[in-house]
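Peer 1: Keeping their order, the protein sequence lines are chains A and B. If you're matching positions, the first sequence starts at 21 in our numbering and goes up one per residue. If you're matching positions, the second sequence starts at 22 in our numbering and goes up one per residue.
What the hints contain is simulated information worked out from the structure, not anything from laboratory work. Built from N, CA and C at the ideal position, the CB exists for glycine as well. Hints are supplied without guarantee of correctness; some may be wrong.
[Stated by the list, open to error] For each label pair, taking beta carbons as the anchor points, the in silico distance ranges come out as:
#1 A:69 - B:268: 52 to 58 Å
#2 B:322 - A:42: 49 to 55 Å
#3 B:266 - A:69: 37 to 43 Å
#4 B:91 - A:55: 30 to 36 Å
#5 B:130 - A:55: 39 to 45 Å
#6 B:273 - A:26: 23 to 29 Å
#7 A:42 - B:75: 47 to 53 Å
[Claimed, not checked] Non-contacting residues of chain B with respect to chain A, defined by C-beta distances greater than 12 Å in every case (computed):
#8 119
#9 172
#10 200
#11 317
[Claimed, not checked] Covered by chain A, according to a simulated footprint, are these stretches of chain B (three or more residues, beta-carbon under 8 Å):
#12 101 to 111
#13 217 to 229
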Amino acid sequence: MRILAWLLILLGLLVGFVFSFGEPLGALIFAWDQSLLPRLQAGVQRYLLPWMWDLLFLPILERPAWVAPVLGGCFLFLLRWLIAPRPR
Amino acid sequence: MHIHRRPGWNRPESEVTPREWVMGRRALIGAGAMLALPTPGRAQLGAVPPLPPHTRNDRYPAGRALTAEREATTYNNFYEFGSHKGIWREAQRMPRRPWRLAVDGLVETPREFDIDELIRLMPIEERIYRLRCVEAWAMTVPWSGFPLKALMDLVRPLGSARYVAFQTAALPAVMPGLRQSWFPWPHMEGCTIAEAAHELTFMAIGMYGQPLPAQNGGPIRVLFPWKYGFKSGKSLVRITFQEQRPATFWATVQPQEYGFWANVNPAVPHPRWSQATERLLGTQERVPTVIWNGYGEWVADLYRGLEGERLFA
């Protein structure tokens with residue numbers, strides 16, 4: 021878990037340095053595959069819940085691309101710390 | 022001997038919903054509104070003046086029964102408000118007054134119109150058009166408005182103008198879709214100058230005898246009834262005459278699926294679904310799609326010599 025956490029943080033930093041730290045995740049995905057986000061949005065809004073896109077997906081896609089992997093890495097570190105055995 | 026062969030889409034006039042029935046239903050809805058019942062097309066009616074008196078132009082028979090008003094105003098595509106069909110709720114937040122429409126670019130007299138001033142200047146009439154969505158559903162709507170040609174006669178495009186670009190409003194405060202900054206907002210659509218000047222090209226300011234609801238493109242939109250619906254730009258704020266072909270929204274975002282021309286053709290499938298048939302809103306009946314959406318006798322000649330273009334995507 022610790023290795024995965026470090027990998028995610030390094031991935032975030034790499035994305036930040038390569039694409040700039042201000043680049044939104046959505047813009048990065050859109051540049052990679054222009055049709056992916058329109059299809060994903062249509063799928064979420066038409067077949068799941070219309071509000072889910074605006075409230076759940078968009079806030080993530082609007083954030084800089086490095087944020088999600090770095091937060092994911094930090095979360096794994098936190099999880100590891102929480103579940104790790106403690107001395108009595 | 023003259024033989025009139027009725028094409029499949031051309032249903033007898035007897036099947037068209039009588040205007041009195043539609044208007045009677047409207048009165049009923051109006052009574053409902055008085056009791057504060059929500060109706061999708063009326064939420065902003067107080068802010069928008071009624072349409073001026075006008076008559077129906079029967080030159081372009083729809084050949085189909087009208088779609089029920091409630092169906093046509095509650096099943097919509099307007100990507101700025103979301104990509105689900107219930108965007109009419111979100112669209113009610115968009116103010117339709119005051120509203121200005123700029124007409125500029127390669128014209129003798131560029132103008133910026135207040136929408137009510139423009140309505141006073143234009144010859145308003147009603148036309149029943151079929152609308153065929155690229156998603157294979159269709160509706161038949163009585164639109165109120167004026168031919169785009171009448172507006173062109175007012176601003177007089179220059180000889181160098183070859184294309185027309187239609188720009189949709191971009192209002193971040195009421196359009197959640199604009200948060201997706203990676204899309205090429207504002208939404209642009211376009212056509213050739215010949216298509217713009219065609220007698221079928223219509224600027225709609227109303228439907229079912231009432232001001233155009235926001236979810237249907239109010240307060241003003243363009244209509245190309247022989248093209249897939251996404252070409253008919255909604256809630257327009259600018260019309261620009263230009264020499265270069267405009268980069269249109271869907272042709273930019275998904276060029277492998279949507280092109281500049283997007284003329285209706287049942288023989289050319291969308292990459293992900295057939296275009297051979299269409300579902301009629303309201304009845305859910307599935308009927309065969311007709312090339313040029315049935316308007317071939319008026320528009321097919323526009324495309325002579327353009328066979329090398331991707332005319333049907």
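Peer 1: Next, verify each hint and record whether it holds.
Peer 2: Now for the hints, and whether the structure bears them out:
no. : hint                     : in the structure
1   : A:69 - B:268: 52 to 58 Å : violated, 33 Å
2   : B:322 - A:42: 49 to 55 Å : holds, 51 Å
3   : B:266 - A:69: 37 to 43 Å : holds, 39 Å
4   : B:91 - A:55: 30 to 36 Å  : holds, 33 Å
5   : B:130 - A:55: 39 to 45 Å : holds, 41 Å
6   : B:273 - A:26: 23 to 29 Å : violated, 39 Å
7   : A:42 - B:75: 47 to 53 Å  : holds, 52 Å
8   : 119                      : holds, 28 Å
9   : 172                      : holds, 32 Å
10  : 200                      : violated, 6 Å
11  : 317                      : holds, 31 Å
12  : 101 to 111               : holds (count 5)
13  : 217 to 229               : violated (count 0)
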